[in-house]
Amino acid sequence: MTGTTGITLTGRPGAGAARPVKAPPLRPQNRQLAVLAVLLLVAVPLPLVLPPAQGAVAVRILIFALMAVGWNVMSGFGGMFSFGHAAFFGLGAYTSAYLLVEHNVSPWIGMLAGMAVAAAVAVVIGYFAFRYRLQGAYFALATFAFAEMLRLIVTTTEFTNKAVGFTVPLIRGSSLWKIQFAADSPAYFWIALGLAGLAALVSILFLHSRTGRYVTAIRDDEPAAASLGTPVMRYKLMTVALSAAITAVAGAFYTQYYLFVNPDLAFGSSVSIQAIATVVIGGIGTIWGPIVGAIILGSLSDVTATLLRTPPGFLDFLQGRSGLDVAVYAVLLILIVRLLPKGIVGTIAARWRR
Amino acid sequence: MSNSGTKTEPPPAPAVRRGPLARLSPGDGTGALLKRAAATGGLVAVAIAIALIKSGSGLVVWQSVVTGLLMGGLYGLIAMGLTLIFGVLDIVNFAHGALLAIAMFIAFGVVQGTGLHPYLTLLVAVPALFLIGAVVHRGLLSGTGGASLENQLLITLGLSLLLENGLLMFFGAEPKNVALPGDFQFSLFGAVVSGARLYAFLGAIAIGALLFWLLRRTRFGTAIRAVAANGPGAELVGVNVRRVHTLTFAIGTACAGAAAVLAAPLVTVTPTLGEQFNITAFVVVVLGGMGNVAGALVGGLLIGLVEQLTTIYMDGQSSLLGVFAVFLIVLFLRPQGLFGRRS
Amino acid sequence: MSPTAGTAAGTALDVAGVGKDFRGLRALSDVDFRVGEGEILGIIGPNGAGKTTLFNVICGALRPDAGRVVFGGRDITGASPDRIARAGMVRTFQLMRPFGSMSVLENVSLAAQHRRQSRHGLRKRSLDVVERVGLGEWAHCGATELPTAGLKRLELARALAMRPKVLLLDEVLAGLVPAEREPVLDLLAALREEDGTTLLFIEHIMAAVMRLSDRVLVLDQGRVLAAGSAEEVTSDPRVIEAYLGEEPGGDDD
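Residue numbers (UniProt numbering), protein chains in the order written: chain A, 1 to 354; chain B, 1 to 343; chain C, 1 to 253.
No wet-lab data here; the hints were simulated from the structure. Treat the hints with caution; some may be incorrect.
No more than 16 Å apart at the CA atoms, straight line, and that leaves these computed lysine to aspartate or glutamate pairs for EDC-like [unchecked claim]:
hint, chain 1, residue 1, chain 2, residue 2
1, A, K162, B, D315
2, A, K162, A, D316
3, A, K162, A, E102
4, A, K342, B, E150
5, C, K165, C, D195
6, C, K165, C, E37
Predicted, not measured: the structure shown is a model, and the values here were computed from it.
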């Protein structure tokens, strides 16, 4: 377009100077999709191999993974640190439970409805938070407050059965349409795997999409992104809606798997914390961090539960006490933040690039 | 998460950062402050009037106001510690409530073990919390690992989970009580007030005043205010900023310790009790203006009132609902708080 | 005072009576000027004169307390920064603000992708821009790996990728050694010649201002102190007075 004036940039020593850089051979998106396919293939036969008790752990890991992938979209890719993802998990759980119990609607439909409700609420919350430019601690506290308010409202509303919550009515035999199987059926695992795999797929495609690039730019430097014409509000709201919808899937499936949901299980702050801790341990803002974090935290709670059932001598006093699992993951959370602030996956990826 | 597109050339404002502990420095805009105080007072009056209409009983409302203000003093004390830590260190301490729970269990343990009068456990709990605060800051929050806001949130969040579940492991979930020997009740123009509540309120105000005196009148307080206003500047004039940070965190934690002892006879002591106090304290801090110590006390009183009035307004709803509603309104409409000036 | 556009063509940007207060402190008051299409306007003034605030107001990062900003015949006062940018008025920042997690090329294609186009076309266009500012060899480097001079050019490249009608540059030369400034100046001159871009640039380096500008606007304490050709302005006694104690040729701050 122009006879460029032959500008050459003189690299300065130490600043990664004049390294001949080629475009990466395989686009990261394709590489990540390939890894996902392999992971899913490896995971499919697991419930046939694992003992039943471990099967339950595996399902729990997948639920954690779903929540974590959802949280990561907003807080990792989008840089909007949410302390209130329990709101979206709870909305997913309650919408599907309500539709099933009161109107006999299939949990699949309920799941979609829950996603829509959660996304809509997220957009409203997000709109206000962004409109009034809440940032950092204020944003975290506002999201936290919204989730807590939902918990309090649900706890005292007739329509949602107050503190009692909903119990999923049992049916005879099993039904895919009703997502109900024998307790140790591998079907639960496969459905959870499908949902988690789908969520991971969506998060990969999102990150590499046009929208995803805008979102990353807004996270890196919002005013600069705006000055380059990025419609900041629209993309932030899209991110928040997607994140909420994925988290709602976790809530809806949770209800079907455990057959029961109440305000604390669905909207309690421990749900939000669970989502945060999983991603932070795995690696915030990475594709695989939420998955790795879920595997670690999911198996960890199983290990501590076993430990408490039959404690070794020096831990005898803990027999029958609760709290050890959370205490252990709290320690893990603190250690990771202090020592590996990029999380496990983030740290490995950074080493790899060197 | 920076929003500094508008900041590349800062407005020709004073270079010193305003806001944190702002009310501790001689302020301009006293008129504006008075106006806001009047507006707040007006709102409170309206809220009380509506409560009167809703309940139809003057006594019920009066009892609520008295109970709310007395409890509010305690909230103020808890929030003072939290807001001091925020103002000076810019740390949002999610573990404040859990530390408070620790102090309550210390009080409970000492009373159980030695039969000491509950209030005398202040002599144990406050220094213990001071020490814990210092250790937590040095061990977990200072240095580069605790630098970013998110990391500090996560570390204090992790700490609160650890402390809460540690208490759960060692003491179990059964609720415990700290009885105040010789507790009594009296009638204040018809409202029933228990001695424990009154003492807690008076104690909170006294400790708050002590903290205020420390910040305003001592050399150490001057150093704290200097660090809050401008850390690098304070360093230049020879203030040991890291030590001030550690001591401030410790003092903030000790406030939670004192509040815990004063509150212990009023509540059932459980490991997760800190959570609710923590939430309320955050609301108070934002209401009073993040980093504003005097604002925290006023905010505490207001939130105490809000809690009580909520139960009148919304029958059967948790008192926290009103607190959160106020919180979100303040966050959106006046994030610098009622008395803050951070823009 | 209303200095008229220097060229015969239409008005690209009309800033009328703009004022902005920060907590009672007047940052801009009654700033009034017009820029013709294809014109190059230099903006100078002592530190704290309100130059960047003016850019922030023009580009929507700040809403003015008074006055209007009209761009291409449309009143854009108070419109959001992203809409103004998509409408064709783009600014760069004084401090470099790369998207740290992206490569140089990705930084640029982000700006280029507002127009619908094929993946291939986008890539080609982005590469063209990267080449044009002389970052070709660095296209696939992480943006944060660039040295200062490179970041300055990235800032410029991103803005160019938007194909702006009006480009606002906030001290693009600051932090560059003299040898690095020349090619940037050539590029800016070429932009007007070849693409007809209108330029507003804040600059402390007087040699660059003298060489590039058709007209110069002098701001002092938030007001337009003088406007005219570079020679007129630099010989204006009021301007000299405003700069007393500060060296107009000073490199950067």
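Going down the list of hints, with the structure as the test:
{"no.": "1", "hint": "A:K162 to B:D315", "in the structure": "holds, 14 Å"}
{"no.": "2", "hint": "A:K162 to A:D316", "in the structure": "violated, 39 Å"}
{"no.": "3", "hint": "A:K162 to A:E102", "in the structure": "holds, 15 Å"}
{"no.": "4", "hint": "A:K342 to B:E150", "in the structure": "holds, 12 Å"}
{"no.": "5", "hint": "C:K165 to C:D195", "in the structure": "holds, 9 Å"}
{"no.": "6", "hint": "C:K165 to C:E37", "in the structure": "holds, 8 Å"}
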